[in-house]
Every structure is written in C-alpha cells, then in structure tokens.
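Given the coordinates of chain X, assemble chain A onto it according to the supplied hints.
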Amino acid sequence: MFARVTSYGLDGMDPFEVSVEVNFSGGVPYFGLVGLPDASVKEAKERVDAALRNSGLRVPAARVIVNLAPASIRKIGSMYDLPIAVSMLIGAGQLDPSAVKGVMFVGELALDGTLRPVPGALSGALFARERKASALILPVENAREVACVDRVPLLAASSLGQVADHLAGRAKITPLKPVPYETLRSKTTSDHDLAYVRGQYEAKRVLEITAAGGHNLLMLGPPGSGKTMLARCLPGILPDMSFEEALEVTRIHSVAGRLKADGAMLTERPFRAPHHTSSSAALVGGGRDASPGEMSFAHHGVLFLDELPEYPKYVLESLRQPLEDGRVSIARVHAHRVYPSRVMLIAAMNPCKCGYYGQAGGRCKCSPDDVRRYQGRVSGPLMDRIDLRIRVGSVPVEDLSLSAPDAESSESVRLRVQAARRRQLERYSGTGLYTNAQLDNRLILEHCPMSDIARNMLLLVTQRYDLTPRSHFRIIKVARTIADLAASDFIEETHIAEAVRYRMLDESSWV
Amino acid sequence: MRYSREQYFRIWLAGVDGIGARSFARLITRYGSAEAVWEQFGEEMRWIGKSAWQQISAAHDRDKAAALIESIDKCGASVVFQEDGEYPPLLREIADPPPLLYVRGRRDIADEWCVAIVGTRQPTAYGLRMARQIGGDLARAGVAIISGFARGIDTAAHTSAVIAGGRTVAVLGCGVDVVYPPENIELFERILGADGSVISEFPPGTEPRGVHFPMRNRLISGMSRGVLMVEGLKGSGALHTVSSALDQNREVFVLPGQADSPNSEINHRLARDGARIVTSATEILEDLHAEPMPRSKQMTLGEAVKTAKKTTDSSKPPTKRKAKAAPAEPPAESPPPPEPAVDLTEDEARVYEALKSGIPSANVDKMVELTGLSAADVNTVLTMLAVKGIIH
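Heads up: the sequence lines are chains X and A, in that order.
The opening position of the first sequence corresponds to residue 1 in the numbering used here, with each subsequent residue numbered one higher.
The opening position of the second sequence corresponds to residue 1001 in the numbering used here, with each subsequent residue numbered one higher.
Derived by calculation from the structure, the hints in this document are not laboratory data.
For every residue, glycine included, the Cβ atom is placed at its ideal position computed from N, Cα and C.
Relax, there's no trap hidden among the hints.
Pulled a few chain X residues facing chain A out of the computed Cβ check, cut under 8 Å:
no., residue
1, Glu202
2, Arg205
3, Gly393
4, Leu460
5, Glu498
6, Val500
7, Arg501
Chain X with its partners taken away, still in its complex shape:
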C-alpha cells in the first residue's frame, strides 16, 4: 500500500515542501529510506520503529520503502520522524488517508513516542500559512516559538500517540490561539540600563546618536573604562523590534537551533559579542552546511567586537561586505545561502597593546612604532564604515564611590531615539533606506539640507582641522542624525559643531 504525507525542509532559512512517501509491499521485511537523506535522517528508521511500538501502534512487518521527495535535494535533521511515522500508519491501513489531506507534519520522535522540538519551526509555520495548509502538527515545545503566527491552524502535540488519536478522530487537538505580538514583549528592564552608568556623559550622548542614526561606533579607551558596559546598554535604547523584524530574527536563530531554552519567539534586539578568536565562518557564517554566523544572529541588533585589533585581519575584512549590504551570501559546493545581517557594529579597542597609551601616569610602555602597528591592524576600508569614533576615559576610582546622581534611564533615551528614527523613516519612505547611516555621498547632498550658517561652520572646521573629504561627509551624516534628534529638518550650526567632535580619531595620530 502507498501513502503520502506532507512536511517541509529548510534550505538555510528558506523552507521547501517535502513529500514523505511510503510503500508497503510483500517480501522479506526490510526498511529502506531514499531521497538524499543525510545521516541524521537515516537514523529515523530506528526511532520511528521504537516510537511506534512504544505508543502501542503496530505496523506489520513488510518490505517498506520511504522516499523523501524531491529526491534531488539533500535532507538534514530529525524533523522527518513524525511525518514518516504517520505515513507508515496510513500505509499500514491504520489511519484514513483523508485525515492527513492538506496537513503538514514536523517533529522528532523519542524512542518512547514523545515528540521533541525541531529547529526552524517558525519558518515552517509561516510556510504552512503561505501554502494554505489545513493544519501544521508540530511538537508542543515549539508552540511558544510560533505563538504569534495566525491564519493557519497550528496543532501542538506532545506524543505520537496523541497525533494518532487526533487523526483517527478519537481525541481532537485544539489549534493554538494566536498571541498578539505586543503581549509577548517582556517588560522586564534589563540589567544594562544607562541609569546605572556613572559619568560617561559624552559616551552616553554618542550612544544615543549611534542608536538614532543606526551608525557604527568605535570606542577607544584603556582597559576598565566601561566600553563593554556601554555597548551592552545599546540594545536598550534602540526602538522596539517590529513584528516583522522579530519574525526575521527568530527565524534565523530558530533554523540554527539557537533559540533560548524556553523556545519563545525573540522580542528583544539581539546583542552578540563574539570573542576575537572566532573564525570568519563563525562571524559571517559558513561551514559545511553554510549555516548563519554571528553577523546574522545579530540581525536587527548589535554586533559588538571587543578588542577590535585582536581579530585576525582576514576576519575583519570579511565583515565589510555584509556590513555594507545588510546580508551575507555564502556559497558552498552543496549550498548557496543568503542570510540577512543588518547590524549595528559597535567596536571597542585599546589605544595600544598594553592599553595605556595616551593616559596620564606614564603606564604605557609601547613605542610609537608599536602603537602605530597596533592601530594599523584595523584597515582603512573598515574604519570608513564607522561613522562615530570616540575616546572613552576611565572614571576615576574616587568618583565611583560617590553616590550617583540621577542619570537618565535607557527608556527615556529610547523615546528620543524612536522619534528620530520615525523622522528618518518618513524622510526616506520609498527610497529603500531606513537610517542616516545608509546615506552615501550622493544621497547626503540630497537629504541633508543645511542652513547657510551651518554650511559656513562646516567650511570653517574643514579648514581649521584640515579635514579630508571622507570625514567631511561623515560629519554631515552624523550632524543629520543630531538634527533628527533635535527634531530639525535642517542641519544647523550647532549640529555640525557637535558632530565635529566625534571625528576626533580621524587623524593618523589618534592620541
């Protein structure tokens, strides 16, 4: 007897339909699995067999062939356990084929018949909706991940037995009730709130500008000056993720099996801080399966690179294109995949190897050549993509013990950032741009009108500080964001004046 059940597979983040076909025929008992299964799929045979038995379901011994179509695409993962088991039940005549019409199945089986969660459930649920499936049956532990998906019945099952009962009509599983995205967002304040950051007024201001314009930021400072702490505060002042953004972010994490333990949809902007020993495959993605890297995990969030010059040069260079394009494309022999990677890059570095160059007290023992070499590890083209550069000084120990004045909380900064972002969205509607950071030199002329006084100011500082055309444009871009924060359509003199201060590290000598 023949049976067919629908499931899906994942090519990177993109789902494709997979038909699980079973044929029972007489002859020597045999189980064959075809259709380019990889090792993890092949093992399904043993799991399905045990799960069926332990669920009290009997399938007669026969010559069984399971085919995963399309047969030309490689299938990976344990997600086909459930559809294979269901198709065998139908093939053995124990379930009515009409019960699975239009239904999609996904899930890994334990030997006792319980269902285990699978990666990429969110992509699958969206795919089921797109294909107008009559239902998607999936493991109950994936329920929280797909909670927000509406307009498609999602049935969360805990075991194979429950699925069989449902299909046989003995005990129906009620579809999940879609949860509105807004209610999902956690209201807990994070540990990283600007209110807890002592001093660092300038750095906080720059963080606000960075967030408002979606810029990249470089912080230069000695060890212990709070660079990491400041970077961690950034997600808290970024605008809330929209539902679409949250879906994208969750999908990326989901396909790589990197969701949190509770399996819930991600509602907070990611903050990724890969260590400087990370390989370029770990950062931009790759490996045998062309899986996503840190840049994609940080999509719509923050990628924090501490100790920037410590990263191998080729790793840093591999970041350039994804930073520019907002997506990573990875080509391997067996796969070509594109993952989104719209990140804000926050980099931190010491001014020299020992970290104390330029500090009072003469603790630095590096020669000027050492310093030049250390700073030279970050290439010019990468630096070009970083609009804001500031020096972060350490807060004197005696100040730390003072009672903290009331610092502004991340929440109130976030409101200003959100307003500035809204202005940008309105201005750039229809142009495919979202933030000031994306402006190139041509667009700057178009979108950054300046008052005459501001233009004069820019001319003055350009002459006085002997600025290159590059830093000239960078100043306009940053001034545009400062103007947006001030709710001004025109860039004014004061905006230019402030922006100038944040290009201090442009000169060849940084200290």
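Just chain A now, with coordinates in the frame of chain X:
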C-alpha cells in the same frame, strides 16, 4: 627671487659639495668675494685641498650654477644670507656659521627667543609627553621651538608648537624640498602652513646623509639660546647637539628621568656634569631670564614666565597668546588679555571658565559636571570656541 651678482656666486660657491662653512670663509677672505672665486678659479687655487679643488672644478659650470638657482625657485625656497636681517643673530656668533640658509615658510628666521628641543628617535611615552608639554608651553609663551625634524622627540616638539599656535623652525639635514622621514610629510605641511620655517644649509635636492646630521646639529644649538635634552640613548645625535651647544656656550637643559631608564642615562650624566635640570617650560624661561638682555625683552619674557606659570599645571592651557617679541612693543604695561576679545555666549563663557580651571578639553565628562551643560552642548561649544580661535 632676484639675487645680486655677488649673491648669485655665493649661492653657487656654498652649493659646491665639499665646501663647508669654513672653506667658504677662507676662500672669501683670500679672494674678497665669491664672484672673484669664480673668476680666478684655476691651478693657483689648489691650496684649498685636492678634493675641494676638484669639486669646485666640477661645479665651475654656468649651466650647473643656473640649475641650482632654478631648483631653489622651483621648490619655493628662498635664500637668507649671513648679512641679511632675517639671518638668526645668534647663529652669526658660532665658529663656523653657514654663509647662507635655504628657507621655506616664513623667511624671517631671526627670532629673538629660540629654544631647541632635542632627543632620541626612540623615546618613551614619558619623553614624548614631556616634549609635547614643554614644547607647547614654550611656544605659547612666544618662544620659537627649534628642532631637527627627526622621528621621536623632534617630531613631538615641532607638533606641539604647531598645535599651540606658536612658532617652530625645523632644521633639516637634507634639502628643504626633501621630506625626511617621509611619514612626517603632514607635519612638514603643517609647519609651513602655521607660519613656521623649514631651513637647511644644504641646497635643494640634497638627500639625507649621515654626515649631514652633525652639521645640522650645530645649527640647531647655534641659533638657540638653550637646548633642552629630553631623552637620549647612547650614540644619540641629540648628544652631538648638546656638545655643540656647549662649544657654542649655550645653556643646556636636561629633563630628569628614572634612574634606571636607559633613555635618561645621558641626561643624568649631563646633570652631574653641570647641565640644568628642568621640569617645565617655566623653569627654562626663568633660567634664560637670568641672562643679560635688553630691558624691553626682559619684560616681555617676564610676562611669558607669568603666563607659563599660570598654565603649566594643566596639560592644555586655554590661553592663546601671540607673544611675538616685536622690538617696537612698549615695555610691558599691557599684560596679555586674560579674557578673549571675542564676545562669548553664556554657555561658551561657562565652558571657557572650566577650561581655565585646568580641565583638558578632551575631558568632556568632567566639564559636563562642572558646567551643568549636557555633553552635546559641551561638545558644540568646544567646537565653537575652537573656530573662534580661543582654544585649539
């Protein structure tokens, strides 16, 4: 530039490779003029020495002389002769003053107050910092900073003077159209752009050669009232500058360092031998002040000392001062205006006050606390003040 006939021949003669200041002087004494040397050149002149004679003989060519003059014009240099008013007055007093100097930037290099800052090409961070600080403070006090444009301390000294908006003179061991070390090209331009001067006794096109540098060093000390040795390693060229300073009877200042720092070993040795230990620009100014000088200059310098005293505590004193010791300046009844002449807004005044209290302009956080302004405002105001020329 137009030259008289005699000047033309002096440039030619001084430009002959192997004719130094001494040979030049001997030739002029014997024949009366450079033109005469050109006219009377022949077998009879062999007394000057075999190689020098051959060099003159090789250079005794109208085309070559014309090419030399042309190369001077081409690189925008001008020539200052020993007889000119623009020639450094102190330099005339040394044993072998160069007959002429090639100058780029400001032609008038007869600065009244010159102090040389010299040191090793491999300084410590301490050495660099002190060179910058003392150089900057001296420059603000109106002293011209003389140095050799080498890597390390020299570069720091020139840079500090340029940043301070003061005057600096780079004395090269190569032609004034050759930038050596090459990475200093930006500094080179900045010196020229900031009313500084780049000078050399070697004609344009001369490549840097080891033998040139000791010759250059005698000019550095020769045109200065004192030489500050910041740091030096054994065999350092700076040590040579110090010994010419001693030969020329110039004051030698040394910066103290750590007892076990190899970079300060020479300084401590010099101090034992009688060099003045100094730790700030103020002390240098005080020591130089003790020397006899015209009354009006004394007062000018007195002011400078006062200014320097006020500001040496902070690393970046905010007061900019054009202390050019113009001879016509009336004796000192008008001290430098402590307040900027430009009108300041209320915020600007607050930030300016904070700067005067000694906070470096790089420390925005401290200024936020002191002024009560936001970081955004402080940064805005700092740029405004800089554009108005009140701070750097």
